[in-house]
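Asker: Residue numbers (this note's numbering), protein chains in the order written: chain A, 1 to 400; chain B, 1 to 225; chain C, 1 to 133.
Just to be clear, a hint being listed does not mean it is correct.
[Stated by the list, open to error] Simulated restraints, written as ranges between beta carbons of each label pair:
(1) Phe358(A) x Arg125(B): 50 to 56 Å
(2) Pro15(A) x Phe63(C): 23 to 29 Å
(3) Ile126(C) x Lys9(A): 21 to 27 Å
(4) Arg127(C) x Ser75(B): 28 to 34 Å
(5) Ile126(C) x Ser184(B): 45 to 51 Å
(6) Leu284(A) x Ile6(C): 30 to 36 Å
Hints in this document: simulated from the structure, not taken from any laboratory. C-beta atoms are modelled at their ideal positions from N, C-alpha and C, and glycine is treated no differently.
Residues per chain, in single letters:
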Amino acid sequence: MKILPLSVKNLARKPGRTTALVLLTAFLALAVFGGSVITLSLRAGLRSLEARLGADIILVPSEAESKVSFRNMFLQGTTGAFYMDASVAEKALEVPGVEKAAPQTFLASLKADCCSVKIQVIGIDPSRDFTVQPWIARSLKNELGDMEVAVGCKVGAGIGETIRIYEQRCKVTACLEPTGTGLDTAVYCNMKTMDTLLAAAEAKGVSHRISSGDDSVVSAVYIKVRDGYDIGDVNTALTGKLRKVTAVRTRSMLTGVSDSLAGISRTVTAMIVVIWVLAFVILLLAYTLIVRERSREFAVLRLLGASRNMLGRMALYESAVCGLIGGIAGTGIAAVGVFSFSALIEGSLGLPYLIPGFSTILCLAAGTILLSVAVSALTSAFAAWRLSRVNPGTALRDGA
Amino acid sequence: MLLQADNISKTFFRNTGSANYFYAVSPLSMEIRPGTVTVLTGRSGSGKTTLLNMLCGILQPTEGRVLMDRTDLYSLDDAALSRFRNEHIGVIPQARSAVDTLTAEENILLPARLYGKDPPAEKARRWMENFEIAHLAGVFPRELSGGELRRMAIIRAVIRDPDLLFADEPTGDLDDENTHRVLSALHDLAHGENKAVFIVTHENDAEKYADRVFRMDRGEVFPLA
Amino acid sequence: MKKQVIPGCVLFILALAASVGSVSFLGPCVHEDGSVGACHWAGRSLLGTGLLAAMLALLAVLFRMARLGLYLGSFLACVLGILTPGTLISLCKMSTMHCRAVMQPAMTVLFAAAALCALFGAAACIREKKGRA
Numbered sequence: 001m002k003i004l005p006l007s008v009k010n011l012a013r014k015p016g017r018t019t020a021l022v023l024l025t026a027f028l029a030l031a032v033f034g035g036s037v038i039t040l041s042l043r044a045g046l047r048s049l050e051a052r053l054g055a056d057i058i059l060v061p062s063e064a065e066s067k068v069s070f071r072n073m074f075l076q077g078t079t080g081a082f083y084m085d086a087s088v089a090e091k092a093l094e095v096p097g098v099e100k101a102a103p104q105t106f107l108a109s110l111k112a113d114c115c116s117v118k119i120q121v122i123g124i125d126p127s128r129d130f131t132v133q134p135w136i137a138r139s140l141k142n143e144l145g146d147m148e149v150a151v152g153c154k155v156g157a158g159i160g161e162t163i164r165i166y167e168q169r170c171k172v173t174a175c176l177e178p179t180g181t182g183l184d185t186a187v188y189c190n191m192k193t194m195d196t197l198l199a200a201a202e203a204k205g206v207s208h209r210i211s212s213g214d215d216s217v218v219s220a221v222y223i224k225v226r227d228g229y230d231i232g233d234v235n236t237a238l239t240g241k242l243r244k245v246t247a248v249r250t251r252s253m254l255t256g257v258s259d260s261l262a263g264i265s266r267t268v269t270a271m272i273v274v275i276w277v278l279a280f281v282i283l284l285l286a287y288t289l290i291v292r293e294r295s296r297e298f299a300v301l302r303l304l305g306a307s308r309n310m311l312g313r314m315a316l317y318e319s320a321v322c323g324l325i326g327g328i329a330g331t332g333i334a335a336v337g338v339f340s341f342s343a344l345i346e347g348s349l350g351l352p353y354l355i356p357g358f359s360t361i362l363c364l365a366a367g368t369i370l371l372s373v374a375v376s377a378l379t380s381a382f383a384a385w386r387l388s389r390v391n392p393g394t395a396l397r398d399g400a
Numbered sequence: 001m002l003l004q005a006d007n008i009s010k011t012f013f014r015n016t017g018s019a020n021y022f023y024a025v026s027p028l029s030m031e032i033r034p035g036t037v038t039v040l041t042g043r044s045g046s047g048k049t050t051l052l053n054m055l056c057g058i059l060q061p062t063e064g065r066v067l068m069d070r071t072d073l074y075s076l077d078d079a080a081l082s083r084f085r086n087e088h089i090g091v092i093p094q095a096r097s098a099v100d101t102l103t104a105e106e107n108i109l110l111p112a113r114l115y116g117k118d119p120p121a122e123k124a125r126r127w128m129e130n131f132e133i134a135h136l137a138g139v140f141p142r143e144l145s146g147g148e149l150r151r152m153a154i155i156r157a158v159i160r161d162p163d164l165l166f167a168d169e170p171t172g173d174l175d176d177e178n179t180h181r182v183l184s185a186l187h188d189l190a191h192g193e194n195k196a197v198f199i200v201t202h203e204n205d206a207e208k209y210a211d212r213v214f215r216m217d218r219g220e221v222f223p224l225a
Numbered sequence: 001m002k003k004q005v006i007p008g009c010v011l012f013i014l015a016l017a018a019s020v021g022s023v024s025f026l027g028p029c030v031h032e033d034g035s036v037g038a039c040h041w042a043g044r045s046l047l048g049t050g051l052l053a054a055m056l057a058l059l060a061v062l063f064r065m066a067r068l069g070l071y072l073g074s075f076l077a078c079v080l081g082i083l084t085p086g087t088l089i090s091l092c093k094m095s096t097m098h099c100r101a102v103m104q105p106a107m108t109v110l111f112a113a114a115a116l117c118a119l120f121g122a123a124a125c126i127r128e129k130k131g132r133a
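Chain A on its own, in the form it takes in the complex (with noise of 0.2 Å):
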């Protein structure tokens, strides 16, 4: 059967109209990859921000501004510099129903030497710490040393290198696993290299509330609830017997960051909806035009021996072929755009974003392109229909 080149030679021969049929679906494959790519990103990063939090309170003192800015510390690694009384990791202990109480205490850097922007410093207590260490484990089967940092996967510096933290040297050990989240552009380190960050940064002249040598004081405690125990009731015992602490519960923090995802995720589906009936529409219209324009050709082919099946497939082969083209020419574009601009995207959008893995990804442009290939089929399948059963007596005098 020789009409697939025919179907060919009839693209190649009319560029003009081959070239906005590809368009159209390279449009339609372009909206639904980008926005499925950028909605499956924000589900991933709060996935990713609720595995990584792994505390059910996190208790900061009240003077952190607010909610809010502790917020965005983990979402856009704003800088953070909020200090209390380190007894309340303790105290927090006797709570009924704590089971594990993690200090962490923060350090916003000056300019570290790998960028222009100042980074958080996160100094974790390993023995008692249960949210990063886990995520350090995997890259870092020691603990961390004195003078030796886990970087997030955004900090720009490789196993071994050395950073430069208020003119102090540390050594790089370990690199985390991308989050999506301001955990990115954290740096981690031990309690001790801590203190001697602090001491340069004080020698340095830079205030930050806190001396160095005085462990008395952390920035956040959290805490880990005990099975069996209400959060809320444990919560709320702990602002009881705690003063000048707030507690905030990560449910009440992921469940922002969850509205605000379901809010993107739906303008991102209602406008691929647009689109696609946008587009769908516009496909139905060209391809009906399509009939009038091509009935004399058809009605040749019919008399020169096209049965009227060969003549479908033709239609129909023609249009899969645009779809094709377009498919793949709109979810390279679309990649292109999300890949390369991820981090503009992430920064733009304020939420969790995590690209999914290769696989998926795979899977997505497959199922887009094989999506165009359809919808171009069968936007085309009327059209295919009334050509393949033209009239040729007719359909040639007509245009006579």
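With chain A's structure known, arrange chains B and C on it following the hints.
Answerer: Only chains B and C this time, still in chain A's reference frame:
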């Protein structure tokens, strides 16, 4: 191959007051034999093209049968009838009938290519030389004149070596010299290669090349010679 | 003729956009304290490379004689434009920085598209030469 029209007729819808249909072709029977040229003349609108379309297998008669040897054309399903037309029937339509996206040569070889047959390129070249369009082989139809397109359509109709050849005003766009050349070629095909040739025309000259001449008037066919 | 000139026009627009972008919204990081990092020099280099590619494209459009050579020259300039940020001149390390989040991908996309145009233009010139020969 012998073509027999067995009491075929064609009616079309038209509200005329007394009836809501009219006979484009009144019931008729005729034979088109191999080795003969049959010419059908008549005024415009007399039903000539409708009759030709029914005989060549692209328009189903309202009543009657069209038999080719013993095969009833319209009893075949679409795929079989299409293939049958491709292999046994060549048609030169009245109107412009080129596929615009194919060159003149590709148009000529199209009937063979439709069913994946080896294109008879050498034969096509010979015919094109004969009809003086060999230099236009790679040219697209939009750049060809009416006469060149007509000659291209004639070569395309004969390229598959059909048993039956139908031509609807084959010399409409041609000058005297080419008219003579085309009609002689059709005559030679009938007498030299034992084909059955059926020509619908206004040209009085065509009758000189005919073995039988019919005249059609208001859907009725009368033998002239 | 059209096939040889249109790629040059598109190439000119893309290269000009890259050079204008490199000193404006697609440029390197702006430091609050006025200091400059490596990415600043990458931006300067991109300005020059973009202008070079744009001028070569303009000449390719205007002068038929040396069109093929001019297209090939602007193709190489575009390759230089792709390699400049990150490979030839280092950028800020943190991937959320403006130079890495915006300048580098934008320049890669613009110069890659411009390089494709240069190749199309060159191919059209070669085809025409073959046709004449």
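Asker: Next, verify each hint and record whether it holds.
Answerer: Quick rundown of the hints versus the structure:
1. Phe358(A) x Arg125(B): 50 to 56 Å: 55 Å, holds
2. Pro15(A) x Phe63(C): 23 to 29 Å: Holds: the Cβ-Cβ distance is about 28 Å, inside 23 to 29 Å.
3. Ile126(C) x Lys9(A): 21 to 27 Å: 24 Å, holds
4. Arg127(C) x Ser75(B): 28 to 34 Å: Given a distance of about 54 Å, which is not inside 28 to 34 Å, the answer is violated.
5. Ile126(C) x Ser184(B): 45 to 51 Å: Because 49 Å falls inside the window, the suggested range holds.
6. Leu284(A) x Ile6(C): 30 to 36 Å: Taking Cβ atoms as reference, Leu284(A) and Ile6(C) lie about 31 Å apart, which means the hint holds.
Going through the hint list in order, the structure does not satisfy hint 4, though it satisfies all others.
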